[in-house]
Amino acid sequence: MCGIAGIVNLGHQQPIALDALKRMVSIQQYRGPDETGAYFDDYIGLAHARLSIIDLKDGTQPIHNEDKSLWIIYNGEVFNYPELRQELLKCGHKFYTTSDTEVILHLYEEKGTNCLNQLNGQFAFAIWNSKKRTLFLARDRVGILPLHYTIHNQRLYFASEIKAIFANKEINRSVDLESLDQIFTFWTTLPGRTVFNYIKELPPAHYMSVSPYEIKIDKYWDINFSSNTETLKIKSDDLVNEISETLMDSVKIRLRADVPVGTYLSGGLDSSALTETVKKNFNNELRSFGVRFENKDYDEGCFQNEMVDFLKVNHSEIIASNDAIGENLENVLWHTEKPLLRTGPIPLYILSGLVNQSGYKVVLTGEGADEIFGGYDIFKEAKIRNFWAKDPDSKLRPLLLGRLYPYIFKDDRLKQTLIAFFKNGIDNPDDPFFSHNIRWKNTSKIKNFFSEQVKDSIKDYNSYSELKKLLPANYFDWDTVSKSQFLESLIFLSNYLLSSQGDRVAMAHSVELRVPYLDHRVIELLGKVNSEIKINGLNEKYLLKQVFKNRLPSNIVKRWKNPYRAPIHKALLSNNLNLVKEFCSEDAINKTGIFNSVKVLKLINKLGKLDKAGEFDEMALIGIISTQIIHKNFIEDFNATRFESDNFDQFYDFRSINDKLKKVL
Amino acid sequence: MSEITVVKEFIIENFLFGEEEQLLLDTDFFDEGIIDSTGVIELVSFLEERFNISVDDEELIPENLSSLQNINLFLQKKLNKKDA
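Residue numbers (the numbering used here), protein chains in the order written: chain C, 1 to 665; chain F, 1 to 84.
Hints are all accurate, no fakes.
Derived DSBU-like pairs (lysine-lysine); straight-line CA-CA distance at most 30 Å:
no. : chain 1 : residue 1 : chain 2 : residue 2
1   : C       : Lys455    : F       : Lys8
2   : C       : Lys609    : F       : Lys78
3   : F       : Lys8      : C       : Lys445
4   : C       : Lys459    : F       : Lys8
5   : C       : Lys395    : F       : Lys78
6   : C       : Lys390    : C       : Lys415
7   : F       : Lys78     : C       : Lys415
8   : C       : Lys296    : C       : Lys612
9   : C       : Lys591    : C       : Lys445
10  : F       : Lys77     : C       : Lys423
11  : C       : Lys415    : C       : Lys602
12  : C       : Lys606    : F       : Lys78
13  : C       : Lys280    : C       : Lys312
14  : C       : Lys94     : C       : Lys111
15  : C       : Lys606    : F       : Lys8
16  : F       : Lys8      : C       : Lys609
17  : C       : Lys111    : C       : Lys216
18  : F       : Lys77     : C       : Lys395
19  : F       : Lys81     : C       : Lys415
20  : C       : Lys612    : F       : Lys8
If you're looking for bench data, these hints aren't it; they were derived computationally from the structure.
Please take these sequences and the hints and turn them into a complete structure.
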């Protein structure tokens, strides 16, 4: 994978500075440490930092077509490129590399924007038509790879990461308070938003067409579910076989690389299934990598070890200590570029460091299986609450929640108050956000920590209204679980799981993640299946378990699903660290102006005394500290000129007055 | 200071972090999301320690703990029983 960056003159007439693009590439060089390249003409500057994975020798970017009228910079992998290449050869296209990059370029030449429907992969790219002076920017279906942009003074700036846009000092850097409102409700921003004013993200499955006259953004694909009457309702062997074959092919094409490919192995069903598929079918020498926790409450070592013994895989692991989690928070936020309400990304940042040190650039991971196959507790919770809503006075129905959360319901002292908590909203099962409302309401309480000034600025803003506009027309025909799956996929999948906990913390150490469960063929197939089969009773990911029931130890298939989590208050309030002193002192809080320092200090004081903290207090703590760090490092202390770099390794200069000519003149 | 004032101060300090405007006598802690499940344990531990009472499992129901008003009634009952 790689980093891309570009500046396009929309009406602006001044030449684009070469140094600007050098800085934009340099600041995100970890995305592509192997080589750099650029294309310049009088209207555009395109730059690329490459992590070489396919066609190591000749895949240097930018890449052009036969007559050099089309130029591409590209971050990603298109896994079905050999098949597409064969078709394009038959149509008469000529290739000068064996890369997937060149395949995309010729496919675009052949099909225009429709090329996107044929790509199976993860990508963000820009194609410049130098004859027509049009630019085509596109992002993969589920948003595995990032692509940000802004328009300033009649120029379009775009880049994989926001910091590359900020590397231009003319770009305004300030926190978008409405986005902050979203993060402290939904755990992340809604598609298209970032935490910074004026900086947008091209949403998943969207493309942007830029011409001298207009900028247009369109959607080319959507995660879809069938309405209740049209779904597949039978648990047939044929269905299980079809899923098995599709997954097998998804893994197979994701192993296409000219470097070795490893896997992440946590000991959960999803990563165990992937590791088994690769080891038993494609690569007996497979290496796997896993996270262990010093704090036993979070550790899954016994399941991980069971899988390592079962598969005899060459496994390496990191042990995430509380101190290591706290120490790495600031580095991780430099990469996530948004506040966090969880520390889960930090161990994965440490893990990608180990992958890099082990000489690996690519790993397969199990992300997406929970969204697509129906794995999260919140789906089952929605199912139970929906059942309870039909008889709200029932004493027995809410007790089903105890099967879902045995670890908290086992405490008899908590049972009745927990039931009262889950009863919230039960009188309105037709609410479009029925499944998520109690979580969002709980998270929203963090907004009570906002300063009066911030509260006043966003008092008329309603994030739910913005979310409602993003729901597809047929959303209301879906059952409760499908709606819940859609919300998870729309909000959490791309903007948290695949970015803050995925691409960003992997690319920080130049590691590419590949996600076989998010092959669009898998998503489309499961979209047709009734949720009663996906979650059979309260048995989550039933169909995935059917595929792997004879291929994995029964302990792994039948095990209770633990959500992946990492310690928070013990890690951030450690005496060995100065996180609170540095970022959350009364002065620091008042200087930023986002939070009320009196309340924040009361929270820190309370948590400092507790051995076990409540979920809300922990979310508030990491949310506040991470917002403070983001503000300091991206707004207060950001130095755009710090990132100078060497010349590009490959440079195509088509400017009418270029540097050579300047010397002559 | 009355018992309920002491409880109110504890809730304002620990769950509302100083913001008292939204807390009325009949504000429902669970409906308003002021106290979650771990919060209940914190609250009950405080009541037991501060008023030297023991709260049984079957007494841990929203009717006893969901608002200042309910806590007040519950506390009076417990304290009277202790004195008797």
